[in-house]
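So the sequences go chain by chain: A and B. Last residue of the first sequence: number 624 in my numbering, and the count goes up by one each step with no gaps. Last residue of the second sequence: number 352 in my numbering, and the count goes up by one each step with no gaps.
With beta-carbon atoms standing in for the labels, derived distance ranges: (1) A:Phe42 to B:Asp139: 31 to 37 Å; (2) B:Gly147 to A:Arg329: 42 to 48 Å; (3) B:Asp139 to A:Pro348: 42 to 48 Å.
Facing chain A, according to a computed beta carbon distance under 8 Å, are these residues of chain B, among others: (4) Ala95; (5) Tyr108; (6) Asp114; (7) Arg157; (8) Pro161.
Residues from chain B shown here face chain A by an in silico Cβ test under 7 Å; the list is partial: (9) Val89; (10) His99; (11) Phe112.
These aren't lab readings, by the way, just hints derived from the structure by calculation. Every residue gets a Cβ at the ideal spot worked out from N, C-alpha and C, and that includes glycine.
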Amino acid sequence: MTDADRSAGARPERPTDASGPPEGERFAAGLRDRGRRVRHRFERRALLLFGAGTIALVASLFYYPVATVFVEAFVVGGRVTLSAFGELLRDPLYFGEFARLFAGEPPLAVGRDLLSADRRLGVVGFTAYQAFLSTLLSVALGVPAAYLLARFEFYGRRTLRSLTILPFVVPSIMVAAGFAATFGANGTLNALLGALRLPSIELMFTLELILIAHAFYNAPLVARVTTAAWESIDAGSVETARSLGASPLRAFLDVVAPRLYPAVLMGATLTFVFTFGTFPIVLALGGFELATVEVFVFRLISDLDYAEAAALAIVELAITLGLLYGYLRYEASHAVRSRGRRPLARKPLVPDAPSPRELLARLGIAAYAIVALFVFVAPIASMVYASVAGPDGLTLAHYRFLLQRQATGASFQVQPFEAVRNSVLFAAAALALALPMGVVVAALTTRRYRGRKLVDVVAMAPLAVSGIVVGLGLLRGVVFGVEVGGWRFAAGGTVAIVAAHAVACYPFVVRTVAPGLEGLDPALVESARALGAARTRALLDIEIPLVWPGVVAGAAFAFAISMGEFSSTVVLASGTDQFTMPVAIERLIGRRLGPATAMGVVLLAVTSVSFVLIDRLGGESFGL
Amino acid sequence: MRALASDHGGPPAVELDGVSKRYGSATAVADVSVSIRDGEFFTLVGPSGCGKTTTLRLIAGFETPTTGTVRFAGEDVRGVGPEDRNVGVVFQNYALFEHMSVAENVAYGLKFADPPRGLSRNERVAELLELVDLEGLGDRDPTALSGGQQQRVSIARALAPDPALLLLDEPMSALDARLRQRLRREIRSIQTELGVTTVYVTHDQAEALAVSDRVAVLSEGRVEQVGDPESLYRRPRSRFVAEFVGENNLFDGTAAAGAMSDTTTVRVGEASFEIAADADGDVTFCVRPGAFDPAASHNRIEARVLDSEFLGETTRVRLGWADHRLVVSLPAPPDSETLTVGFDPRDAWVIG
Chain A
1 MTDADRSAGA RPERPTDASG PPEGERFAAG LRDRGRRVRH RFERRALLLF
51 GAGTIALVAS LFYYPVATVF VEAFVVGGRV TLSAFGELLR DPLYFGEFAR
101 LFAGEPPLAV GRDLLSADRR LGVVGFTAYQ AFLSTLLSVA LGVPAAYLLA
151 RFEFYGRRTL RSLTILPFVV PSIMVAAGFA ATFGANGTLN ALLGALRLPS
201 IELMFTLELI LIAHAFYNAP LVARVTTAAW ESIDAGSVET ARSLGASPLR
251 AFLDVVAPRL YPAVLMGATL TFVFTFGTFP IVLALGGFEL ATVEVFVFRL
301 ISDLDYAEAA ALAIVELAIT LGLLYGYLRY EASHAVRSRG RRPLARKPLV
351 PDAPSPRELL ARLGIAAYAI VALFVFVAPI ASMVYASVAG PDGLTLAHYR
401 FLLQRQATGA SFQVQPFEAV RNSVLFAAAA LALALPMGVV VAALTTRRYR
451 GRKLVDVVAM APLAVSGIVV GLGLLRGVVF GVEVGGWRFA AGGTVAIVAA
501 HAVACYPFVV RTVAPGLEGL DPALVESARA LGAARTRALL DIEIPLVWPG
551 VVAGAAFAFA ISMGEFSSTV VLASGTDQFT MPVAIERLIG RRLGPATAMG
601 VVLLAVTSVS FVLIDRLGGE SFGL
Chain B
1 MRALASDHGG PPAVELDGVS KRYGSATAVA DVSVSIRDGE FFTLVGPSGC
51 GKTTTLRLIA GFETPTTGTV RFAGEDVRGV GPEDRNVGVV FQNYALFEHM
101 SVAENVAYGL KFADPPRGLS RNERVAELLE LVDLEGLGDR DPTALSGGQQ
151 QRVSIARALA PDPALLLLDE PMSALDARLR QRLRREIRSI QTELGVTTVY
201 VTHDQAEALA VSDRVAVLSE GRVEQVGDPE SLYRRPRSRF VAEFVGENNL
251 FDGTAAAGAM SDTTTVRVGE ASFEIAADAD GDVTFCVRPG AFDPAASHNR
301 IEARVLDSEF LGETTRVRLG WADHRLVVSL PAPPDSETLT VGFDPRDAWV
351 IG
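Use the sequences and the hints to build the structure in full.
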């Protein structure tokens, strides 16, 4: 017995009117009924079908290509071996003095050499070292911002708080363009110093510049999570501590600070993970002299040394995942979930009756504001300025250049118009793919069933794997083609780039849609189902309209991420004409700053529109 | 007057046959078997966690039984989704679709089934809004309505596709006491008018007695007793039912031959009572608070007055007698520290 037969049986027959409607009407009703049954039967299975389709898509566009890359690290000359890892670990190029540890030297001797001035860290060690410094700087710049946002009331505070979501949408290559425009040899900083008759400074290709760029990117993240924690503290708990005799400082240390540590740690961990896997910023601002692991992976791939690249990417992934896992364990045991019923009252930024104490705090904020202006505002302003600056004053020449079909005298094959067009087309196509994928995964992971956590992890993994590896996997697995039973399946580079973007984007759709779905009363869907709606119909009629703002925010996210995607695109686009703006910017930085910054401004505009959409519609519900 | 459910000898509208539901090691519903007759107002009542809501959800198809069978009109409905069971469900929190107007909410189920009696969709919606006293409010936003009105919309929405079965899950818990009483009378009268088989879940035993044709009392996932409200109240078959349904005074004692030919003597501690029942050995009997009377000639006991609550029509007095706490209902508050009350042997009911 099929489901349909059974359900027909389950519906008790109703006594029909003896007279009944005329024949024609009955026929029409019969047709209508038939159509409804067919649709109903489809809708009952549609969610599962779409779910299976999404999983198949993620499997063929992410897991399979990535697996083909990782396999390289284990198979040498047709034999399965771990030798690639062994060589990697003992190679001082990667692990510096630590490599001697892996090679079996006594830890004491290695430890002594590590403390000496001419220690070598290797690529992995350097990557961790710069990530650690970047994290320190991001925390140092982020926590004061959280203090300002959580404890003071001033004009524009809400906007400033919203702006902390920007790191998720701002393309890092655009940040690099901004930093090149500010700190480059002919950047605004040197122009300023020249005007003041001071000697110019060269910051390009220095560690300092990379650290500041990382802080630009990650301090807002630290500020965001810390502000949220600060705002969740109940004023009553501080007042209780004060009434029991604690001084303001004591109350802060005993009641407020313990609630902030987990948030700061979360921000720091995420910063470390992000900066450990940093790629476009270092590639554009550091060059190969300051190469991080990710840049090295890219270089190895360019040199066609796939086995070593794969082994290095796996080591990187293991370090990143290990950190995240450790953090999640910590969070699970320390999370304070209670929301403050009455948040701490904000003080006006301009005090009514200034006391020395209050003035001191404001002086600190003023000093911080100057630093923040330098780090956060100057790069963007410089980029916008550089995009319209010409030798004889303001000009739109750089923007006109973007519209040219063929760059004149371009020795490095950047066709700016194609790059702009490709970016928009790829982003639109990636969005069309990522949006349904994200919504389906969100719907599948918000309901409780066995194995839900696994589906969640499998669906979110694309966030953790390096874009370069995804790009390479797609290049070899999809563009070069797969042979299955004598048939060759291959897709063009365009398809591969769109696939890479969709895979990179859809987790963000999941992250904006899922919290909304999670917050819906399950009785809503149950009501719809009892009224005759199949599961998919209830999703379309009830859940999606109710979480619509989250869907739009997710779409804006996806579009912005795709526009700014660099890592996998640069792998897939090399040697083809499928350049996108981020790839073009990287080529242009240091060669033709004007067009690079003009493209940066175009990216900034797209990102800003996305940001406004996300902020208005779904910023608060976003899972970070 | 209550319209009695028709028992025409056909299969019951809903039948649970040895149904259990386990979540991991926790058992929510344990071996429940009940038959719900066509057109009946059937209530599942019990304290929180007794499995009444899970039972309702098993009937609706939101949950699948771990073991046992659910039948609709004799047909096994395992594997049939809630959307194909032709049921209407009303939830405690109304679960109205906030992005739709009141009329769109009511019309939602008509997307999937034609309105009955050849009515158009709009006619059916208007008919139902009138039925629940909300005519003219179809264009409103559901959130603009009061709690009671929202629940009426929810009822109209559930009834619109003319379901074979109406399921109500604590539909009035979120409303205040006065509104609850009014709405439950209205629900009952709508049900009587439409004759739709109804399963009603509540934790409020007074509500259950007031509206139901028959009631199933649940405790810890099991059915304690099924019966019409009066038999549950007068003839509880378990200690749990005796204490859960209405207030009661329980006495544990040992039976011996009665002093009168049609009574049994039960020794309870130092005292002995005459009750009009056949009993032997250890017995438990119960006496309702209203059966105690200072003027009664039998079973008189002298007890300490602990406190009293004036309720208007009656006064509820708590008494201490031996190591028992008794509750009696008197016409007026007592004016002394001790009180002598008795009860008729026929007002005692032996449990079990």
